[in-house]
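K.L.:
Knowing the structure of chain F, use the given hints to seat chain G on it.
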Amino acid sequence: MRISTIGYSMKQGVKNIRRNKMFSIASIATMAACIFLFGLFYSIVVNFNYIVEKAEEGVAITVFFNEDTTQEQKDSIGAQLKKEDGVLKVNYVSADAAWNKFKDQYFGESSDLAEGFKSDNPLANSDNYEVYLSDVSKQKGVVSFAKSLEGVRKVNKSDVVAKTLTSVNKLVGYVSVAIIAILLAVSVFLISNTVTMGITVRREEIAIMKYIGAKDGFVRAPFVIEGLIIGAVGAVIPLVLLYFMYDKAITYIMTKFSLLNNIVDFLPVANVYRTLLPIGIALGVGIGFVGSFFTIRKHLKV
Amino acid sequence: MIELREVTKEYSKGVAALNGINLKIEQGEFVFIVGDSGSGKSTLIKLIMKELEPTSGTIIVNGNNLSRMKHRRVPMYRRNIGVVFQDFRLLKDRNIYENIAFAQRVTETSTRIIKKKVPAALSLVGLAQKYKAFPKELSGGEQQRVAIARAIVNEPAILLADEPTGNLDPTNSWEIMKLLEEANDRGTTVLVVTHNQEIVNEMQKRVVTMKKGVIVSDEKKGGYKHEN
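If you're matching them up, the sequences are chains F and G in order.
Using UniProt numbering, count along the first sequence one by one with no gaps and you end on 302.
Using UniProt numbering, count along the second sequence one by one with no gaps and you end on 228.
Rather than coming from a laboratory, the hints here were simulated on the basis of the structure.
Using N, Cα and C, we set each Cβ at its ideal position, and we do this for glycine too.
Heads up, some of the hints might be wrong.
[Stated by the list, open to error] Covered, in the sense of this in silico footprint (three residues per stretch, anywhere, with C-beta under 8 Å from a C-beta of chain G), are these stretches of chain F:
(1) 4 to 18
(2) 202 to 208
(3) 211 to 221
[Claimed, not checked] Straight-line alpha carbon distances no greater than 35 Å define the calculated DSBU-like cross-link-like pairs of lysine-lysine that follow:
(4) F:Lys21 / F:Lys11
(5) F:Lys15 / G:Lys92
(6) F:Lys11 / G:Lys130
(7) G:Lys70 / F:Lys11
(8) G:Lys221 / G:Lys46
(9) G:Lys70 / G:Lys24
(10) F:Lys138 / F:Lys101
(11) G:Lys70 / G:Lys212
(12) G:Lys50 / F:Lys11
(13) G:Lys212 / F:Lys11
(14) G:Lys116 / F:Lys15
(15) G:Lys132 / F:Lys11
(16) G:Lys46 / F:Lys15
(17) G:Lys136 / G:Lys116
(18) F:Lys298 / G:Lys13
(19) G:Lys46 / G:Lys24
The shape of chain F in the complex, shown without the other chains (with noise of 0.2 Å):
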């Protein structure tokens, strides 16, 4: 194609979205409020995955050790349990740390009402391997590989917190897919109409172009740049807003429910824009080429 019939294609692209103007703007605005929407969710899902991923690294399963086991032994257990999959960390806890931090969450203050135990630890073989997760999911296999290693006296783990953020971290990826996809097909489903709409309009023009000899691409050209422009126009709109709504919504959030500030963590908006801005602005481009390439088959039989 050439640069001028490029030129003249973009032209006629805006002029349509001008003639059409009512219908553009309500394009615009779908596809704005659907990217929005879309951001919106986006940015709980990640912050969301985020605060789970804080917490699963919290989520820790202890190994106990045999009472004849040597450290040697310790040692190659400890290596074995690295090399795990789905193991994040893994920190041995010697016998006295266990003792100190146990009297630290017990005695608290009155910390001398301990001091019968001095020379008699009474954890003397509860030194064990704290082993963090990356993955919650992964818990089941590292318990029972952690079982199966010779030494091992006792494996401990919380089911109950491990099981409730799986399922619930998928729960709400379920839902977000859910709710995405139907807005980008109410999204595909407006443009499409615009587009049909610029058609009609231009319905003689289109029948001219074909008389005279035009390429199915020349008179395609003008309707995809419309649904592009739309596309872009829809997503950049609301991906501004959202960037600044961003950390005002923390900020909100983080004063009115301060108990908040030590439970979770968010993520800076730097980190979620630099997978979102480049999602958005391809969406709102992609649904509106898709949307305007295959209306325009439909109707034209170019």
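P.N.:
Okay, now just chain G, sitting in the frame of chain F:
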């Protein structure tokens, strides 16, 4: 140049708009196609434009067998055919210059050539001064002249005119016919579908008369015939 062999076109089963037509038009000829409404004249034009497919038979134009022509080849084929309609079919939102330039843009002609050819085409139809005017500011005759300029700007080998004087008064009709004759003098094959008896009788060109989908007469220098 244009050859139809045993061409039949049925729109619905059993109702033939054209029935076994045989017609041969040589390069540089000027031919009138005449006949009453429903005789198949417009169907003939649409078949030559490859807007319709024949139910049976063969159509050969410029050496192309239209039945075998692939869809993607149709635009290139049509670029060699200029069309003029009874209702002009100009783009109302564009001025005269843009209407003619449009025909060249569609064929992806460079802007440099468009700037040269559009004024030349406008001069040929005597509207060089009105290039900025919009269709609604022109008379019917002037609008049809613009349509002719648009049809000839790409220098097609064939010019098809479907009732080009149907909406015009006698004076304007004659001006339009003069322009079509001039195009013919420059070597373009011209095919005119018309009801205008006066023009057909006066111009003494080849006249093909159709009735109910068949050719009832074909005269080298004929006149308008009423077949009952």
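K.L.:
Would you mind marking each hint as holding or not holding in the structure?
P.N.:
A quick look at each hint next to the structure:
1. 4 to 18: It holds, with 3 qualifying residues against the three required.
2. 202 to 208: Answer holds; 4 residues pass the 8 Å Cβ test.
3. 211 to 221: holds (count 7)
4. F:Lys21 / F:Lys11: 15 Å, holds
5. F:Lys15 / G:Lys92: Holds - the C-alpha atoms of Lys92 of chain G and Lys15 of chain F are around 14 Å apart, at most 35 Å.
6. F:Lys11 / G:Lys130: 24 Å, holds
7. G:Lys70 / F:Lys11: 30 Å, holds
8. G:Lys221 / G:Lys46: 25 Å, holds
9. G:Lys70 / G:Lys24: 23 Å, holds
10. F:Lys138 / F:Lys101: 27 Å, holds
11. G:Lys70 / G:Lys212: Within the cut-off at roughly 30 Å; holds.
12. G:Lys50 / F:Lys11: Holds - the C-alpha atoms of Lys11 of chain F and Lys50 of chain G are around 30 Å apart, at most 35 Å.
13. G:Lys212 / F:Lys11: 47 Å, violated
14. G:Lys116 / F:Lys15: Since the Cα atoms of Lys116 of chain G and Lys15 of chain F sit roughly 26 Å apart, the hinted pair holds (cutoff 35 Å).
15. G:Lys132 / F:Lys11: 19 Å, holds
16. G:Lys46 / F:Lys15: Answer holds: Lys46 of chain G to Lys15 of chain F is near 31 Å, not above 35 Å.
17. G:Lys136 / G:Lys116: 25 Å, holds
18. F:Lys298 / G:Lys13: 26 Å, holds
19. G:Lys46 / G:Lys24: 16 Å, holds
Hint compliance for this structure: hint 13 alone is broken.
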